[in-house]
Amino acid sequence: MKSNIIKIIVLTLLLRFFYFAFALIISELNTEYHIEFNKTEFVSLFKRNDSYWFQKAAEDGYPKITNASDLGYHYGKYYKQSVWAVFPFYPLSVRFMEKVFNSDFDNSAFILSIIFSISSMISFYLLCINVFKIPKKESFIYTLFFMFFPFHYYYSMYYSEAMFFTLLTLSFVFISIKKYLMFSLLLIPLTLVRANGIFCLIPLFIYFIEVEGGFRKFYFNLKMLHWQNIRNILCFLSGPIALGLYCIYQKQMTDYYFAFVKAQEGWYKEFMFPLLGLFRSGDVGTQFNSVYTIIFMIISIIAWKRFPLSLNVLIWISILLPLTSGSAACMPRYISVIFPLTIYITSFLINMKWKYYVLFGVLLLQLLTFYPWLISHPFSF
1 MKSNIIKIIV LTLLLRFFYF AFALIISELN TEYHIEFNKT EFVSLFKRND SYWFQKAAED
61 GYPKITNASD LGYHYGKYYK QSVWAVFPFY PLSVRFMEKV FNSDFDNSAF ILSIIFSISS
121 MISFYLLCIN VFKIPKKESF IYTLFFMFFP FHYYYSMYYS EAMFFTLLTL SFVFISIKKY
181 LMFSLLLIPL TLVRANGIFC LIPLFIYFIE VEGGFRKFYF NLKMLHWQNI RNILCFLSGP
241 IALGLYCIYQ KQMTDYYFAF VKAQEGWYKE FMFPLLGLFR SGDVGTQFNS VYTIIFMIIS
301 IIAWKRFPLS LNVLIWISIL LPLTSGSAAC MPRYISVIFP LTIYITSFLI NMKWKYYVLF
361 GVLLLQLLTF YPWLISHPFS F
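This note's numbering numbers the first residue of the sequence shown as 1 and each following residue consecutively.
Read the hints as simulated data drawn from the structure, not as lab findings. Backbone N, C-alpha and C fix where the C-beta goes; we use that ideal spot for every residue, glycine too. Certain hints may be false.
Claimed, not checked - Straight-line alpha carbon distances no greater than 20 angstroms define the calculated EDC-like cross-link-like pairs of lysine to aspartate or glutamate that follow:
| id | residue 1 | residue 2 |
| --- | --- | --- |
| 1 | 178 | 212 |
| 2 | 251 | 70 |
| 3 | 251 | 60 |
Said to hold, decoys possible - Computed beta-carbon distance windows for the label pairs:
| id | residue 1 | residue 2 | range |
| --- | --- | --- | --- |
| 4 | 284 | 230 | 49 to 57 angstroms |
| 5 | 223 | 74 | 48 to 56 angstroms |
| 6 | 234 | 3 | 33 to 41 angstroms |
| 7 | 230 | 37 | 54 to 62 angstroms |
| 8 | 3 | 245 | 37 to 45 angstroms |
| 9 | 348 | 66 | 50 to 58 angstroms |
| 10 | 28 | 53 | 50 to 58 angstroms |
| 11 | 115 | 236 | 22 to 30 angstroms |
| 12 | 17 | 349 | 20 to 28 angstroms |
| 13 | 182 | 353 | 34 to 42 angstroms |
| 14 | 135 | 308 | 18 to 26 angstroms |
| 15 | 308 | 245 | 26 to 34 angstroms |
| 16 | 348 | 248 | 22 to 30 angstroms |
| 17 | 53 | 308 | 34 to 42 angstroms |
Assemble the whole structure, with the sequences as input and the hints as a guide.
This is the structure we're talking about:
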């Protein structure tokens, strides 16, 4: 296992340089895109789109709001956005790195992205072994496919995906090995790093019941008031308590307990039935994201019997919850953290005779999805 983890660390670091090499090649071929071969360009390569909102939150914090419209709104072509749409744990982590290393946002976020891109790949490897009971050798191959999967370049960017994924997967791992105190500690940042973090408690709690022997045994232990069972259940409270405290802070600063929901209006998001969020715009990005989402919905239906209830709930929460905001924007980002689907797809590829050629093909597909990121195309949001 140790040698595989070392390989994962090395490959994760090399992939970052591979992205830069690809960017330099594109710079030579595309006259509208240009970068230089230097450290500044290398570090800034991973900063696009929402990274600037994370930077604003890290450097300026969350401002006091006295007018509700300052949180965010949209009226036709007019809109206003605010930093309150960003959950605090990732920008606070970057700010901590800025203080520790006495550096700016770019360099601090770069260091943090290295840490969590590595941790996300290692946690996926451990997840394969402990949760899916995949042999160590095969788990390493699964991890390579996950690393090279289309759109998974997000795990190397100045985004919260790698941090969120690390916390989510390690939560499953700690439940599987019944380390509930460690799990309880992870729930605090998990609920504060992304808005859908609190909803992950649902599949995590179902998985906890499955690990403890199933619903009948859980009900029996609960009925008999077994202290150990009650103590383990109480570990799930750390996440809601953390989110509750953050909601109180939002109330004090904005007069809204859920200011982050109100702020989403600046991104033209509004609550609706999930499927109505598809194909709402005629642009290429929305059309592609909608088709991409439907494909993974179909895969989720086909793969239903392959996974326990907990993982099926995780899959559908991860797909449907973002769509309730009325937009297919960023769906590849949300889908990228749905590890059961990546494992399901990889299970067919890993047994192929030419699996390493297929792996290389998967990497090429990732580079194809990485290109819009380079040129800051809305498709990469």
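Evaluation of the provided hints:
Simply put, residue 178 and residue 212 have alpha-carbon atoms about 9 angstroms apart, close enough for the 20 angstroms limit, and the pair holds. A distance of roughly 14 angstroms separates the Cα atoms of residue 251 and residue 70; the hinted pair therefore holds under the 20 angstroms criterion. Distance hint between residue 251 and residue 60 is fulfilled; the C-alpha atoms sit about 19 angstroms from each other, no more than 20 angstroms. Checked against the hint of 49 to 57 angstroms, the C-beta distance between residue 284 and residue 230 comes to roughly 53 angstroms, which is consistent with it.
The hint said 48 to 56 angstroms for the Cβ distance between residue 223 and residue 74, and at roughly 50 angstroms that hint holds. For the hinted restraint 33 to 41 angstroms between residue 234 and residue 3, the CB-CB distance of approximately 39 angstroms keeps it satisfied. Taken as a hint, the range 54 to 62 angstroms holds for the pair residue 230 and residue 37, whose Cβ atoms sit roughly 60 angstroms apart. Checked against the hint of 37 to 45 angstroms, the pair residue 3 and residue 245 passes, with Cβ atoms roughly 42 angstroms apart.
Hint check: residue 348 to residue 66, Cβ distance near 56 angstroms, so the stated range 50 to 58 angstroms holds. In this structure the supplied range 50 to 58 angstroms is violated for residue 28 paired with residue 53, their Cβ-Cβ distance being about 31 angstroms. At roughly 27 angstroms, the beta carbons of residue 115 and residue 236 sit within the given window of 22 to 30 angstroms. Between residue 17 and residue 349 the CB atoms are about 25 angstroms apart, so this pair conforms to the stated range of 20 to 28 angstroms.
In this structure the supplied range 34 to 42 angstroms holds for residue 182 paired with residue 353, their Cβ-Cβ distance being about 41 angstroms. Between residue 135 and residue 308 the Cβ separation comes to about 20 angstroms, which falls inside the hinted range of 18 to 26 angstroms. For the pair residue 308 and residue 245, the beta carbons lie near 32 angstroms from each other, so the given range of 26 to 34 angstroms is met. The supplied range of 22 to 30 angstroms is broken by residue 348 and residue 248, whose beta-carbon atoms lie about 48 angstroms from each other.
As the Cβ distance of residue 53 to residue 308 is approximately 36 angstroms, the hint placing it in 34 to 42 angstroms holds.
In the structure shown, a violation is registered for the earlier hints numbered 10, 16, in ascending order.
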